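> What follows is the residue order along each chain.
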Amino acid sequence: MTTDSQERPNQPEETFLRAFYWLLQTVKIHQDNNKVLQDSAREFIDSVVQSCVDDPHITFEIFRGRFYLREKKLVYRIVSFDLVHGMLQFFESRGLQGLRLFITMGDAPIERVLAFARILNQAGRQENSLAWIAHQLEGDAFSWVEVVHNQDELPEEELELRKRAKRTYFYSLSAVKDVGQKIFSKRPVGIRKTKRLVQKLVDILSEDESLLLGMSTIRDFDDYTYTHSVNVAVLSLCLGKRIGLSRTAMERLGICGLFHDLGKTAISREILFKPEQLTNREFEEIERHPVKSVINIVKLNTDEDLKAKIIPPIFEHHLRYDLSGYPRHHREKPQGLFGRILTIADIFDAMTSSRIYRPVPFSPDRALGMMMEGAGKDFDPILLKVFLNMLGVFPVGTLLELDTGEIGLAMETPEEALQDRPMVLILVSDGKGGFRKGKPVNLAERDPRTGLFRRNIVKSLHPKSYGIQPAEFLL
Amino acid sequence: MTEISMEKGLPTAYDDLTDEAFQSARDLIAFFIIAMKNYALYPEDNEVSQQSVENVVTRLNEFIKKYGDFRFDVKKNRLLFLDRIVHQGVPNVGDMAFILFRDGIQWFEFQKGIELPEVAGFFRLLNQFRETVEESDGDLVTALWEAQFPHLRYEATDVFLDDEILQDFSLLRVTDEDDRGRDQEVDQETSQAISDPDTYTATWELTPEEINKLGQMVLEDENLDNIGETLDVIIVILREHIEEDDLEDVLKFVLAEFRDALSRVELQVGLNLLEQVHEIHKSCKTNRAWAIPMLDHFLKEASGYQVLNVLQEVWPVLEILGSHRLLLRQVLLLLSPEAVLAIGPMSLEVSSPRIQRELMEVIGYLAGRDIAPFERLLNHSDKNLIQRMMPVLKDLEGDRPSELLIMLTRNSSEQVRKTALDILMARDRQLLQEIFPLIDDDSDHIRRLILQYIGEDRNEFIEDFVLDYFEQRKFQRHDNQHLLACYRALGGCGSARSIAFLGRALLNGGWIPGFSKSAHRQGAAIALMALELDEAQNLLDKASRSLFPGVRSAYRKAMESSSKKKGAHIL
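Those protein sequences? They're chains A and B, same order as listed.
Its first residue numbered 1, the first sequence is counted upward by one per residue in the numbering used here.
Its first residue numbered 1, the second sequence is counted upward by one per residue in the numbering used here.
For reference, chain B alone in the conformation it holds in the complex:
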């Protein structure tokens, strides 16, 4: 059965057909085949694809100029030009003849005037429908019909209908047999027929205003925001009509529409949708509890990367449109806290500092609602991401953010540890004891930093830690500079309680093995100076008069170091 899907084509006349024309047709088809293969291998905007389609257009136009419109017939695994084979392939989805044949195309004609966009469109569709799916939403023929290329004609058969039994009038009953012959008394008693002169008047002619209005209606419909309209309907259904069995399917559809709305920057639509879903969620608590897990799941899905990744295409628009940024913020704030897992990594791709800042605020808000997803984000392997996310923890309430920061001080990245340390100290200095082990961190920078924090304020708890660190010989580093810094920190945080230890370290030194003895003495002297206590000063005086040159030397160096430090402060 053959049907002409577009205007029926007249056979192209090749009056001057020669072997040369056949050869040209064969060469041309070879270019078609190459272009089709390139479309399958590379994206359409790839140079290779573009070049191959340009080649086809050039050859096609040369052919048309010389021989007229280019028409070829389609068979299962070959293409014919006036009954002669110009392409022989194998019947599979890689073969152009087979793809065309499978969807029922019988012949194709490329006509004079054909341009690059049409040919590119043809290859795009050919590639798109290379493989058919059972119960799909279209095929090459339906797509060509929709595309309506002006210089491309074809004829297609209804391949998919061939095996169907065609019904006929004989199988249809106009009415119930019992009623046949019953007269038409029913409608006589009702209203007038249109044919009644009273009814049928010239007023049924359209006025110019009505014609205008009609045109306007059509125009408005063409420009209609379908997503908004559709979601309105879906919301009505979710609010008033949904049944348990259908909810999952409907929500799956809504999810796709939500994603679509975001990708089209129709953020108001997305916002309305989420607001409505939250309201429905609330109302379901009383009378449709079965819906709640599904609505929760929907919100979780809507907050996932698979949906939110469309925003990556949207950032440039948002940079320009402030009102849209505000809308997006509102949308994101309505998502599940899981959204941070998607938004976080995406924020790294955003170049605009303004959008970055706004995204961080959103992440902070969502993490404040539930920190667990954010915690998962902080377990990410990407150090840059963790680095970007950590500031969020600064203002979050509760103990967990601090716990996370403490955990991050153990991160393998020096930068992460440093930032975690800084944020943690900005949150709560009391937590210094929790991160005391950083005193032996591999990084000089971190060690210096923590010792700086330790030495900043008098703190008996920390003092105990530092004392313990020395007394129990926990220090793992035998680095004199480090030791000196630790003593200096002890001087900053310590109290009279440290004097006994420092005295021992300065004056006795017996407990200290080998080479670092002098460093301990010097450190102890430095710490004692920093304590600024009379008792400490007494010990220093004693050291200055010690019989042991090592002790005096330690005192002297500490004094010099202290002077330098003071001098540095003055300068």
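If we strip away everything but chain A, and leave its shape as in the complex, we get:
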């Protein structure tokens, strides 16, 4: 179920980090023969040995302000923030980008492991810490440890995942377009491609939720319907994962997201892009699109069972929790689970997108604020809570003005509910009216001298006002 962070308070990565941190602290105050110190060393050794599952070593390194263990990003949790932040500072202050620890550490004398910890501590007082560490660790005595130089390039696996996410997003976009166009031209349409892409989205989601949420910030003013469809699919999938849907249910939900607006293919651009108020007839046509979507689903070349499963949510995606909304109906049955998920995802993406009738979209945090007002009436209150917890106060992709005068792009939200201090990517002016990526910073970081936060949010901004595609920076 929802609260992942509650379910896995001690991930192996965090256990390792905690053991490492504890060793570095205890070695400062105890002699080698002290039992507490020796216990902490053993605990550290154990955590290394246990982490060497598939490989004879583990690599622990920093990329863009985040720890990676075995190329896996350490989950950003507020409860472990101080620990992670402390270790980040420890490494960064020594210019240390990472360490590779070998399983043979398990055979090393405990005094050697303690010496290794002392070297790391003492390095802080050396002029060129990194070089000094490398020099100290040379030789057979420390054959089980290596200093890692990564030039701050993301691990290959992480880079591949990002590439995969981007490709999958854009292929999904093209798949929805393709289906829409074939339906419009009354050609037969299958969903093989769509299915594969949704399966990929589900796989990516299982690896990195933030990455996918970042992708959902992609906007296209001209082909709004298609990016919107993919975004709704992505947001729905993320919400579906949070509530513990099965893999096959997720597949269905993703297809619902991609196809929920297929009915818009029949609506003329004149209506979709009409800046003035729509006439009653035009509005009726817009209101018919969920029905048209269902009819288009009916016409798909796919098995009837799948159609049957995706029709109700698509029909319901503009209904409200209290069954108001459109299309008109005389049902008394409540909206189904997928319908309620789609409604939330659909509204959020629509509110945060620039439209012809509302050129300035709502910033994500303001959109969420407005949606909260409709909890229990427009939206399932429990699902909305999960959605808010998932996105955080400042959802990934929110552009933030900081009290340092900097502009930051929310790149990751802590796993815990509604934390208002996300990781942000500082955006730096490129001198040509645009921006380039700056460094990632954690807004939860405090100045150790004053105890105050180093940076505070002044307000959220609209990426569109700056012509920014947040996803472009987040990938």
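By construction, these hints were calculated from the structure, which means they are not laboratory data.
Any given hint could turn out to be false.
With a straight-line Cα cutoff of 30 Å, these simulated DSS-like cross-link-like pairs (lysine-lysine) come out [claimed, not checked]: (1) A:Lys163 to A:Lys241; (2) A:Lys333 to B:Lys213; (3) A:Lys166 to B:Lys75; (4) A:Lys166 to B:Lys76; (5) B:Lys474 to B:Lys418; (6) B:Lys213 to A:Lys377; (7) B:Lys75 to A:Lys163; (8) B:Lys112 to A:Lys72; (9) A:Lys437 to A:Lys163; (10) B:Lys252 to A:Lys177; (11) A:Lys163 to B:Lys76; (12) A:Lys459 to A:Lys377; (13) B:Lys517 to B:Lys474; (14) A:Lys333 to B:Lys75; (15) A:Lys182 to B:Lys252; (16) B:Lys557 to A:Lys186; (17) A:Lys299 to B:Lys213; (18) B:Lys285 to A:Lys333; (19) A:Lys177 to A:Lys163; (20) B:Lys252 to B:Lys213; (21) A:Lys186 to B:Lys252; (22) B:Lys394 to A:Lys299; (23) B:Lys394 to B:Lys300; (24) A:Lys274 to A:Lys182; (25) B:Lys213 to A:Lys241; (26) B:Lys418 to A:Lys299; (27) B:Lys542 to B:Lys517; (28) A:Lys299 to B:Lys474; (29) B:Lys112 to B:Lys66; (30) B:Lys282 to A:Lys333; (31) B:Lys76 to B:Lys112.
Computed from a predicted structure; not experimentally measured.
Fit chain B to the supplied structure of chain A, relying on the hints for placement.
Chain B alone, transformed into the frame defined by chain A:
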């Protein structure tokens, strides 16, 4: 472009790889190929298919035990085990390498712990997706993803996406250029942002009750009756939103769902659907007349064998669940009378007398609404079917059922003719004249039966027929027993009007040629006795005193026959 569709597999280590391992891999693949071919030739539950997949599992586990996980690479028309060819085929849908390659699979790995159901599942999918269809709803890769076999890993490329141009950010416009730079005054005036301290409170944490409820929601969704939900939506659309151009497609889908509902014994769903369709049909008469032919067509299709044949799998369930039988009855009663063409033949397969009876009642009701389809059913070549269906005609109103029965009295099957005769007589004795020709039926049994019916009641019309039969010498059979039976029947149905003829037959006999003269005399005597009229008795007395021995003999035999018959009655 390569993407890993499941957890990325680490290369399997074959440290001790020898020629022996390669040979084992090659042998193993040969078993794979055999199993694949058998799956294509026989059903999965066939002994041959089952045996071949068991062979694969046995060999696979032996291999894994000895050399570790079994992984092979896939090329267009060959399979490789550590870069050495273990299978070489031709690139067509009969070849395992080609099927895997075509859907983008690059390698497969069967891991330690693999069991029969997984391997059988693999071959099932392989067979299912042997041939791909353009614009299909999936392929081997999507099916494997859904199946999620725990000890099977693979890597697949997006073969179908390779020729697509991948869009990029540069092609997307975040907003209209005219609006860029316009400030965000719009939302400032509206509601609070979630980040406002007043809004952002700890109350957004899920309570334990909410967590429970959420779990419940997910569980309910997994067990949801999708057909019911979907048809509800479709009915809303049909009632309130449908347009002429879309109706046919929607009804086609509804038809498939209706069939599905029946096959899953979700009869309440089926019943609701048909009730709604009938209501919509009624409402369309006033404002959407264009829908009526399509709705009629739908009902006709829903009543066809292609849909109703799913019930054949359902009978055992219905035998146990009485409430379901009642529902099915209600469903069937709402179908078009055409349904009898499907239900009738299926009723022969039903072993339960209770269900058979209920089906016959349904058929009777539907035939009562329109007898034409039932009539077509009675033209069926299967005599057993006709035999089973005929009782329906007994209670149907109108002339047509009798006409059909009369027609059936001419059926080639003796049993059908007999049953038709019985039912017809049960419906209306007056129709006896219509089936009078049966008097010369090939079957002794039928002849006896019709003569029995003829002789049961006095009936001048029939009497005329019988008289005519004799007088015009229409009798085709020169069988004395038959003649005697005909005379006996005439005695039963006849009146004084027959006496003149019978007198002639008994006393003169000149009009009768050859050998059957004595039979006619005897028959006439029997008939006269049966008439029980004084005038008839006078003629019999006269016969008893006749100078002609043949006439006296006829009288005597008739008397003996009559005594025997009476005696038989007394006994």
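> Each hint should be assessed against the structure and marked as holding or not.
Now for the hints, and whether the structure bears them out:
{"no.": "1", "hint": "A:Lys163 to A:Lys241", "verdict": "holds (22 Å)"}
{"no.": "2", "hint": "A:Lys333 to B:Lys213", "verdict": "holds (18 Å)"}
{"no.": "3", "hint": "A:Lys166 to B:Lys75", "verdict": "holds (28 Å)"}
{"no.": "4", "hint": "A:Lys166 to B:Lys76", "verdict": "holds (28 Å)"}
{"no.": "5", "hint": "B:Lys474 to B:Lys418", "verdict": "holds (22 Å)"}
{"no.": "6", "hint": "B:Lys213 to A:Lys377", "verdict": "holds (18 Å)"}
{"no.": "7", "hint": "B:Lys75 to A:Lys163", "verdict": "holds (25 Å)"}
{"no.": "8", "hint": "B:Lys112 to A:Lys72", "verdict": "holds (26 Å)"}
{"no.": "9", "hint": "A:Lys437 to A:Lys163", "verdict": "holds (17 Å)"}
{"no.": "10", "hint": "B:Lys252 to A:Lys177", "verdict": "holds (25 Å)"}
{"no.": "11", "hint": "A:Lys163 to B:Lys76", "verdict": "holds (27 Å)"}
{"no.": "12", "hint": "A:Lys459 to A:Lys377", "verdict": "holds (28 Å)"}
{"no.": "13", "hint": "B:Lys517 to B:Lys474", "verdict": "holds (15 Å)"}
{"no.": "14", "hint": "A:Lys333 to B:Lys75", "verdict": "violated (52 Å)"}
{"no.": "15", "hint": "A:Lys182 to B:Lys252", "verdict": "holds (20 Å)"}
{"no.": "16", "hint": "B:Lys557 to A:Lys186", "verdict": "violated (88 Å)"}
{"no.": "17", "hint": "A:Lys299 to B:Lys213", "verdict": "violated (36 Å)"}
{"no.": "18", "hint": "B:Lys285 to A:Lys333", "verdict": "holds (28 Å)"}
{"no.": "19", "hint": "A:Lys177 to A:Lys163", "verdict": "holds (21 Å)"}
{"no.": "20", "hint": "B:Lys252 to B:Lys213", "verdict": "violated (37 Å)"}
{"no.": "21", "hint": "A:Lys186 to B:Lys252", "verdict": "holds (16 Å)"}
{"no.": "22", "hint": "B:Lys394 to A:Lys299", "verdict": "violated (46 Å)"}
{"no.": "23", "hint": "B:Lys394 to B:Lys300", "verdict": "holds (26 Å)"}
{"no.": "24", "hint": "A:Lys274 to A:Lys182", "verdict": "holds (25 Å)"}
{"no.": "25", "hint": "B:Lys213 to A:Lys241", "verdict": "holds (16 Å)"}
{"no.": "26", "hint": "B:Lys418 to A:Lys299", "verdict": "violated (53 Å)"}
{"no.": "27", "hint": "B:Lys542 to B:Lys517", "verdict": "holds (18 Å)"}
{"no.": "28", "hint": "A:Lys299 to B:Lys474", "verdict": "violated (67 Å)"}
{"no.": "29", "hint": "B:Lys112 to B:Lys66", "verdict": "holds (11 Å)"}
{"no.": "30", "hint": "B:Lys282 to A:Lys333", "verdict": "holds (25 Å)"}
{"no.": "31", "hint": "B:Lys76 to B:Lys112", "verdict": "holds (27 Å)"}
Of the numbered hints given earlier, the model fails hints 14, 16, 17, 20, 22, 26, 28; all others are met.
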